[in-house]
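Assemble the whole structure, with the sequences as input and the hints as a guide.
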Amino acid sequence: MSKDWPLYEVFIRTKNGLDHRHVGSLHAADETMAIENARDVYTRRMEGISIWVVESKYITASDPYSQDSFFNPAEDKIYRHPTFYELPDEVKHM
Amino acid sequence: MGIDKNLISSLFVHADTALIHGQRLGELCGHGPVLEQDIALTNISLDYIGRARLYYDLISKLEGNNKTEDDYAFHRIESEFKNLLLVEYPNKDFAYTVAKQFFIDVFYYHFFLQCVESKNQEIISISQKSLKETAYHKKWSSEWIIRLGDGTDISHQKMQNAVADLWMYVGEMFVPTEFEQAVIKENLMADLLPIKSLWEAEVKDIFSIAGIKQAENNWAQSGGKEGNHTEYMGYILSEMQYIPRTYPNMIW
Chain Z
4 MSKDWPLYEV FIRTKNGLDH RHVGSLHAAD ETMAIENARD VYTRRMEGIS
54 IWVVESKYIT ASDPYSQDSF FNPAEDKIYR HPTFYELPDE VKHM
Chain Y
278 MGIDKNLISS LFVHADTALI HGQRLGELCG HGPVLEQDIA LTNISLDYIG
328 RARLYYDLIS KLEGNNKTED DYAFHRIESE FKNLLLVEYP NKDFAYTVAK
378 QFFIDVFYYH FFLQCVESKN QEIISISQKS LKETAYHKKW SSEWIIRLGD
428 GTDISHQKMQ NAVADLWMYV GEMFVPTEFE QAVIKENLMA DLLPIKSLWE
478 AEVKDIFSIA GIKQAENNWA QSGGKEGNHT EYMGYILSEM QYIPRTYPNM
528 IW
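Residue numbers (my numbering), protein chains in the order written: chain Z, 4 to 97; chain Y, 278 to 529.
Everything labelled a hint here was simulated from the structure, so no lab data went into it. Accuracy of the hints is not assured; some may be wrong.
Using 25 Å as the maximum straight-line C-alpha spacing, the simulated DSS-like pairs for lysine-lysine come out as follows [as the list claims (entries may be wrong)]:
(1) Y:LYS369 <-> Y:LYS481
(2) Y:LYS416 <-> Z:LYS18
(3) Y:LYS416 <-> Y:LYS406
(4) Y:LYS490 <-> Y:LYS396
(5) Y:LYS406 <-> Y:LYS338
(6) Z:LYS18 <-> Y:LYS409
(7) Y:LYS409 <-> Y:LYS396
(8) Y:LYS481 <-> Z:LYS18
(9) Y:LYS396 <-> Y:LYS338
Here it is as structure tokens:
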């Protein structure tokens with residue numbers, strides 16, 4: 004049965020979280036069932052208060068074979084991190 | 278105030294119904310139709326067992342006998358259980374599991390909706406917690422009634438068969454026994470008769486969306502609340518009670 008059901012990716016926002024985070028995937032016949040299955044599978048231990056689902060086929064992913072050209076050029080560009088400033092003491096939570 | 282035997286008996290109806298239903302659903306752990314529904318069924322099972330625990334706890338307090346939930350669940354015999362016959366019915370196939378769930382969800386939803394107005398504070402708090410759970414169960418089971426009823430020819434036929442076979446166990450929910458009548462009169466628990474028309478209307482709605490016909494027989498088997506059970510009950514208890522009876526006081 005589940006062989007025929009499409010795969011969905013599940014995103015959950017925790018009670019204090021600002022963003023939905025990817026928590027896993029599941030099978031469901033449609034979006035309604037996907038939300039309910041996500042509730043039953045991924046929020047059993049109060050993991051969150053909001054769920055997003057999207058059918059996996061709608062996710063466009065970067066090509067794992069292009070990792071070198073995609074991500075490695077950023078490696079030696081440490082000046083892109085804002086770590087060269089002196090922070091005044093008044094600025095907290097940085 | 279003496280011990281309210283009527284109240285205790287009435288609490289046993291819902292405690293035992295919750296326990297036996299939870300046990301039946303628990304049988305499906307690892308055997309659900311798909312992994313996601315397997316977990317859904319187990320979640321519902323645990324909600325019911327949790328509810329049984331709350332009721333047994335309250336019963337123990339009222340009886341003042343220091344019995345534990347385990348004593349009630351594992352050390353009573355068949356005729357002492359007062360659960361509805363409906364929940365004894367085997368899972369058979371997923372359509373039966375869904376139909377059974379749907380029938381008691383709609384009942385309990387309206388039951389708890391009224392029980393939150395009880396004169397007893399503890400009944401109110403059990404009902405408030407259970408009402409939230411039941412609202413979700415009802416959503417789950419209604420959708421499956423529709424999906425299977427309005428699905429393929431085979432799923433429709435299976436849903437229709439389940440409804441037909443389980444129908445005779447529905448009526449028992451709405452007929453108060455003598456001890457329940459006394460408790461209803463005291464405004465301790467929901468009146469059962471008015472729930473019947475609410476239940477019928479809601480079931481009719483979902484059935485019409487699902488294309489499922491109501492069964493035609495209106496004869497209702499009863500007896501569960503008085504301790505007279507179907508032939509399935511002994512098997513449920515012998516499996517459920519086996520370990521605690523074989524190794525008394527075992528803990529893990």
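To see whether the hints hold, each was checked on the structure:
For the hint pairing LYS369 of chain Y with LYS481 of chain Y, the CA-to-CA distance comes to about 24 Å; that is within 25 Å, so the pair holds. Between LYS416 of chain Y and LYS18 of chain Z the alpha-carbon distance is near 23 Å, which keeps this suggested pair within the 25 Å criterion. Proximity of LYS416 of chain Y to LYS406 of chain Y is assessed by CA-CA distance (about 16 Å); at most 25 Å being required, the pair is judged to hold. Under the criterion of a C-alpha separation no larger than 25 Å, the hint pairing LYS490 of chain Y with LYS396 of chain Y is inconsistent with the structure, at around 39 Å.
Using a Cα cut-off of 25 Å, the hinted pair LYS406 of chain Y and LYS338 of chain Y holds, with the two alpha carbons roughly 19 Å apart. Only pairs whose Cα atoms come within 25 Å are accepted, and LYS18 of chain Z paired with LYS409 of chain Y is accepted, the gap being roughly 19 Å. For the given pair, LYS409 of chain Y sits about 20 Å from LYS396 of chain Y by alpha-carbon distance, which is consistent with the 25 Å threshold. A C-alpha spacing of about 38 Å is found between LYS481 of chain Y and LYS18 of chain Z, which places the hinted pair above 25 Å, so the restraint is violated.
Note on LYS396 of chain Y and LYS338 of chain Y: the hinted pairing holds, with a Cα-Cα distance of about 17 Å set against a maximum of 25 Å.
Going through the hint list in order, the structure does not satisfy hints 4 and 8.
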